[in-house]
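Just so you know, the sequences run in chain order A and B.
In terms of our numbering, the first sequence opens at residue 23 and continues consecutively.
In terms of our numbering, the second sequence opens at residue 23 and continues consecutively.
Be a bit skeptical, because a hint or two may be false.
As the list claims (entries may be wrong) - When the alpha-carbon atoms are kept at most 30 Å apart in a straight line, the in silico DSSO-like pairs for lysine-lysine are as follows:
| hint | chain 1 | residue 1 | chain 2 | residue 2 |
| --- | --- | --- | --- | --- |
| 1 | B | Lys85 | A | Lys266 |
| 2 | A | Lys266 | B | Lys30 |
| 3 | A | Lys256 | B | Lys266 |
| 4 | B | Lys173 | B | Lys118 |
| 5 | A | Lys118 | B | Lys225 |
| 6 | B | Lys225 | A | Lys85 |
| 7 | A | Lys240 | B | Lys118 |
| 8 | A | Lys240 | A | Lys225 |
As the list claims (entries may be wrong) - Which bits of chain A does chain B cover? Going by a derived footprint, with three or more residues having C-beta under 8 Å, they are:
| hint | stretch |
| --- | --- |
| 9 | 141-154 |
| 10 | 203-217 |
If you are wondering where the hints come from, they were derived from the structure by calculation, not from laboratory data.
Note that CB positions come from ideal geometry on N, CA and C, so glycine has one too.
Here is what each chain is made of, one letter per residue.
2 protein chains.
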Amino acid sequence: MERTTTYKPTILIVNDDGITAPGLANLIEAVADLGEIIVVAPDSPQSGMGHAVTIGNTLRLVKVNLFEEMGIEAYQCSGTPVDCVKMAQDILLHRKPTICLSGINHGSNASINVIYSGTMSAAMEAAIDGIPAAGFSLQDFRWDADFSIAKKVVRTVTQQMLGSHLPENFLVNVNIPKVSEADFKGIKVCRQASAQWKENFEKRVDPRGNDYYWMTGKFVNNDMGADTDLENLKQGYASVVPVKFDLTDEVVGSWIRRNWEVEG
Amino acid sequence: MERTTTYKPTILIVNDDGITAPGLANLIEAVADLGEIIVVAPDSPQSGMGHAVTIGNTLRLVKVNLFEEMGIEAYQCSGTPVDCVKMAQDILLHRKPTICLSGINHGSNASINVIYSGTMSAAMEAAIDGIPAAGFSLQDFRWDADFSIAKKVVRTVTQQMLGSHLPENFLVNVNIPKVSEADFKGIKVCRQASAQWKENFEKRVDPRGNDYYWMTGKFVNNDMGADTDLENLKQGYASVVPVKFDLTDEVVGSWIRRNWEVEG
Chain A
23 MERTTTYKPT ILIVNDDGIT APGLANLIEA VADLGEIIVV APDSPQSGMG HAVTIGNTLR
83 LVKVNLFEEM GIEAYQCSGT PVDCVKMAQD ILLHRKPTIC LSGINHGSNA SINVIYSGTM
143 SAAMEAAIDG IPAAGFSLQD FRWDADFSIA KKVVRTVTQQ MLGSHLPENF LVNVNIPKVS
203 EADFKGIKVC RQASAQWKEN FEKRVDPRGN DYYWMTGKFV NNDMGADTDL ENLKQGYASV
263 VPVKFDLTDE VVGSWIRRNW EVEG
Chain B
23 MERTTTYKPT ILIVNDDGIT APGLANLIEA VADLGEIIVV APDSPQSGMG HAVTIGNTLR
83 LVKVNLFEEM GIEAYQCSGT PVDCVKMAQD ILLHRKPTIC LSGINHGSNA SINVIYSGTM
143 SAAMEAAIDG IPAAGFSLQD FRWDADFSIA KKVVRTVTQQ MLGSHLPENF LVNVNIPKVS
203 EADFKGIKVC RQASAQWKEN FEKRVDPRGN DYYWMTGKFV NNDMGADTDL ENLKQGYASV
263 VPVKFDLTDE VVGSWIRRNW EVEG
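One chain only, chain A, in its complex shape (with noise of 0.2 Å):
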């Protein structure tokens, strides 16, 4: 499976948790010899920004030291996950990277939670722009959590990645589950369980006496298919869900079609 050729592919890395992520330092040591690294990275946590982007402000992108020691170079970036992607292509790279690699996310990005992931819009505007990408979300929110499991499907997902002619628009969302060693199925190929979010919002009063709120919710999965990537995170198995950006609804399409007084 190693790559035997001379050719060198550059590995853009981000991801949404921010540069000082463990996640981060553990996407970088699974893959720090399978090509040129360059990390890009917020200086700040950004979960929860699913896709924006800076457009009414200025952004920063400051140079670290923090992966000096393996000979990788860093920066910090003031904007969203998207904006890093951005950014390292047209300031630092002045090109394409080979593929892009995005988290690892401290906590799952499986199901719906790929709409609302910073990390999986990161590896999105890679794709977007033509650069196969990969996300990768560990199902362990903890920031002291152990990565080991992680860093082997991310190692083996990247090897498939660079030593394969990859079709068009390649995106994949791999969550991998909190399991030991000898409970790790494999790696298996999904698609994206029907779950959502019921929200809650918890109100409080200000010491002005304002009200105010925190947004508290729980995760419901109504979707009891055995291929979705829920079902096997829960047998033990890194899902791999091939992701989209083109969104049209073929089905409701032709529906509307059908229904409305409208032209297409």
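Mind docking chain B on chain A? Use the hints.
Same frame as chain A, now just chain B:
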């Protein structure tokens, strides 16, 4: 086409340009008589926020009297467009509205802009929650844009939505061209054009001698299909693109199953 029943649907109206945007007022005017209206919009412009949610910060929700003359309740929210949809349901309505309308955005959200758009993310959040939703955008960035054709399109689409038994996960991205009445051709169902933004960053130096950047970019469309939203907008049609939030890419999924050593 007008409804004659006594049933009064609840219409949740949101946007991403903020509570004071003329596009919001125009959307409200276009549908004010079609149901019980409730407005929740950001207290400041939120363009380019994508599907961002506020998870690490507090949220405010304050009643405003901007549309009181029309007998319409309105609230400004300190969060993102997606937060507005969530707070409306949990704090104000305590139930799902009949439909959710988002916009009218000042500027196009056709093609790949659906991914970056706060307008469309708010509509998508509603659809994820099981509320049929539409996002409306006018191809004119100006604050004093002419919304007269846009209002007609909004009204027609809203009446069709309220008058139909809609399919599950109903979500449409409606864009309105900047044309005169004479050149407006009608409403057409389209697919999302495969286009993208090519970003450049303009480097400047702040008064303290540090570098900073402004994002600039140009929109590049290489999709010459006659059935795309961009092409039909150019022809003078309002484009209706049905939008999915199950992002699973079955084509890439099949490719991975054939080519990689993974299960699936």
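Now the hints, each set against the structure:
{"no.": "1", "hint": "B:Lys85 with A:Lys266", "verdict": "violated (39 Å)"}
{"no.": "2", "hint": "A:Lys266 with B:Lys30", "verdict": "violated (38 Å)"}
{"no.": "3", "hint": "A:Lys256 with B:Lys266", "verdict": "holds (25 Å)"}
{"no.": "4", "hint": "B:Lys173 with B:Lys118", "verdict": "holds (24 Å)"}
{"no.": "5", "hint": "A:Lys118 with B:Lys225", "verdict": "holds (20 Å)"}
{"no.": "6", "hint": "B:Lys225 with A:Lys85", "verdict": "holds (15 Å)"}
{"no.": "7", "hint": "A:Lys240 with B:Lys118", "verdict": "holds (17 Å)"}
{"no.": "8", "hint": "A:Lys240 with A:Lys225", "verdict": "holds (17 Å)"}
{"no.": "9", "hint": "141-154", "verdict": "holds (count 4)"}
{"no.": "10", "hint": "203-217", "verdict": "holds (count 8)"}
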